[in-house]
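Q: Since chain B is already given, all that's left is putting chain P on it; use the hints.
Chain by chain, the residues:
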Amino acid sequence: MKKQKLITLKNFIFIVFIFFIAISFSIDYDLGENIGHHFKDYLLQMLIILPPIFILIGLFEVWVKKETIIKHLGEEAGFKSYVWVFILAAPMAGGLLPSFPIAYSLYRKGARLSVILVFLGAVGVGRIPMIFFESTFLGWKFSFIRIVASIPMVIIAGIALGKYLEKKQYKLPENQ
Amino acid sequence: MYFIYIITGISLLISFISSPQKTKKALKIGAKKIGKIAPTFLAILIVISIILSIVPNELIIQYLGKNNSYLGVFIASLIGSTTIIPGPISYPLAGILAKQGVSYSVIAAFTSSLMLVGVLTYPAEKKYFGKQFAILRNLLSFIIALLIAFVFSFIKIDLS
Numbered sequence: 000m001k002k003q004k005l006i007t008l009k010n011f012i013f014i015v016f017i018f019f020i021a022i023s024f025s026i027d028y029d030l031g032e033n034i035g036h037h038f039k040d041y042l043l044q045m046l047i048i049l050p051p052i053f054i055l056i057g058l059f060e061v062w063v064k065k066e067t068i069i070k071h072l073g074e075e076a077g078f079k080s081y082v083w084v085f086i087l088a089a090p091m092a093g094g095l096l097p098s099f100p101i102a103y104s105l106y107r108k109g110a111r112l113s114v115i116l117v118f119l120g121a122v123g124v125g126r127i128p129m130i131f132f133e134s135t136f137l138g139w140k141f142s143f144i145r146i147v148a149s150i151p152m153v154i155i156a157g158i159a160l161g162k163y164l165e166k167k168q169y170k171l172p173e174n175q
Numbered sequence: 000m001y002f003i004y005i006i007t008g009i010s011l012l013i014s015f016i017s018s019p020q021k022t023k024k025a026l027k028i029g030a031k032k033i034g035k036i037a038p039t040f041l042a043i044l045i046v047i048s049i050i051l052s053i054v055p056n057e058l059i060i061q062y063l064g065k066n067n068s069y070l071g072v073f074i075a076s077l078i079g080s081t082t083i084i085p086g087p088i089s090y091p092l093a094g095i096l097a098k099q100g101v102s103y104s105v106i107a108a109f110t111s112s113l114m115l116v117g118v119l120t121y122p123a124e125k126k127y128f129g130k131q132f133a134i135l136r137n138l139l140s141f142i143i144a145l146l147i148a149f150v151f152s153f154i155k156i157d158l159s
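For the record, the sequence lines run as chains B and P. The opening position of the first sequence corresponds to residue 0 in numbering that gives the first Met the number 0, with each subsequent residue numbered one higher. The opening position of the second sequence corresponds to residue 0 in numbering that gives the first Met the number 0, with each subsequent residue numbered one higher.
Hints are computed from structural coordinates only; laboratory data are not their basis. Don't take every hint at face value.
[Claimed, not checked] Beyond 10 Å from chain B on every Cβ pair, some chain P residues (computed):
no.	residue
1	I16
2	L58
3	I59
4	I60
5	Q61
6	Y62
7	G64
8	S68
9	Y69
10	L70
11	F73
12	I74
13	L77
14	I78
15	T81
16	Q99
[Claimed, not checked] Derived coverage of chain B by chain P (criterion: at least 3 residues anywhere in the stretch with Cβ under 8 Å from a Cβ of chain P; other residues may be distant):
no.	region
17	9–22
18	44–56
19	127–137
Cβ atoms here follow ideal geometry from the backbone N, Cα and C, with glycine treated the same way.
Next up, chain P with everything else stripped away, as it sits in the complex:
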């Protein structure tokens, strides 16, 4: 997190020394762009906070813990695709699942789809890239999550 502020600070400084006018223009462009997408981002945040409150972590653990089969992988991918859980929460969650004996392919399906597929971020993705791009990218990413899980189902060694 600090990293991006350091990079931004240094870039701004170099830019300002090179050309104050250009820097001003850059900031204007940034502000205009952020203003354009802000309502969409805000709407997504509202939906995320509602869904995360209705579906607490314990429920996700319960659901994922039940099925260790192909169905489990599929359910895990569906849950991962339709939720947004930040890394600092989702990986400890995955760690708990692993300790409970949930298979690594189910866990891989969950974390991979969480990171690659974004049903909730679809409105923003559509705005930037158009409908077809957004739908096909998410579909392909869903398949990738399943394939990653499939790779893990072949691995017999102890991962922990």
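So here's chain B without its partners, still in its complex pose:
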């Protein structure tokens, strides 16, 4: 019941937003037009990135065996798991948002909490497309120092938070 209401509220906000943009364009309201342009850019970016990611998630759920994920990313898998998720994160496009459903699916297939936390951290610090931009504009020395500094921090923080949450028997929401 509550959930149904929330969805209607979101739809309502969306309709109001579209109206606002449409009116802004018809009366040449600068700020509104600007918001509209930004929205279009981001929406396009998401429309380009999300479909292939969700297709891959679907294929992953159907084809990859739970035992495989448990073996490499599960409770007993050890430190190698973190190397795997850094490799997985490296080619990621689109930042944090598209990486959430990927991390969620990994968890559902048996990856431990600290591994998906390190994965999210790796998306933040170790994506190759971003490193390319970074070193172009800030120099490769900057990138090198930042990467060397952030990789251990992300791993340590992920392990610590993962351990803490596991101790509290933390469970992720079902069925997303």
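A: What follows is chain P alone, placed relative to chain B:
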């Protein structure tokens, strides 16, 4: 960007040759999942586009350019945490800051928090991982951004 399409295309093809039924099921799962999160993503996009329009890049440059101290690092982390700026825009922006003489620790705080912390993406993160996970992960990531900036404050060599 093309990379992910190539990977997806090849994976789909191999999957389809191996089992059309399973592939159909995979596509159904993907569609269902995307449908579930779409309203949340859409809401986030609306908020991002409003914030980015109210706070233009010039304003960010102005703010970050003013403070080179610890306060500057903190402000830079706050700005990075509460905005979403895509890499093709944020790194040239950071390059401009560097040329203006803004310290590398301020710049590192800004770019790191931008990539690691997501206040605006919190609604989606909460939906997937729950409240506590999302809050603690973002808090820790904020601290990591500050620590990365701290590392840069020790580096005296010329980075450019």
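Q: Would you mind marking each hint as holding or not holding in the structure?
A: Going down the list of hints, with the structure as the test:
{"no.": "1", "hint": "I16", "result": "holds, 12 Å"}
{"no.": "2", "hint": "L58", "result": "holds, 13 Å"}
{"no.": "3", "hint": "I59", "result": "holds, 14 Å"}
{"no.": "4", "hint": "I60", "result": "holds, 14 Å"}
{"no.": "5", "hint": "Q61", "result": "holds, 18 Å"}
{"no.": "6", "hint": "Y62", "result": "holds, 19 Å"}
{"no.": "7", "hint": "G64", "result": "holds, 16 Å"}
{"no.": "8", "hint": "S68", "result": "holds, 20 Å"}
{"no.": "9", "hint": "Y69", "result": "holds, 17 Å"}
{"no.": "10", "hint": "L70", "result": "holds, 21 Å"}
{"no.": "11", "hint": "F73", "result": "holds, 18 Å"}
{"no.": "12", "hint": "I74", "result": "holds, 19 Å"}
{"no.": "13", "hint": "L77", "result": "holds, 17 Å"}
{"no.": "14", "hint": "I78", "result": "holds, 16 Å"}
{"no.": "15", "hint": "T81", "result": "holds, 13 Å"}
{"no.": "16", "hint": "Q99", "result": "holds, 13 Å"}
{"no.": "17", "hint": "9–22", "result": "holds (count 5)"}
{"no.": "18", "hint": "44–56", "result": "holds (count 12)"}
{"no.": "19", "hint": "127–137", "result": "holds (count 7)"}
Consistency note: the structure conflicts with none of the earlier hints.
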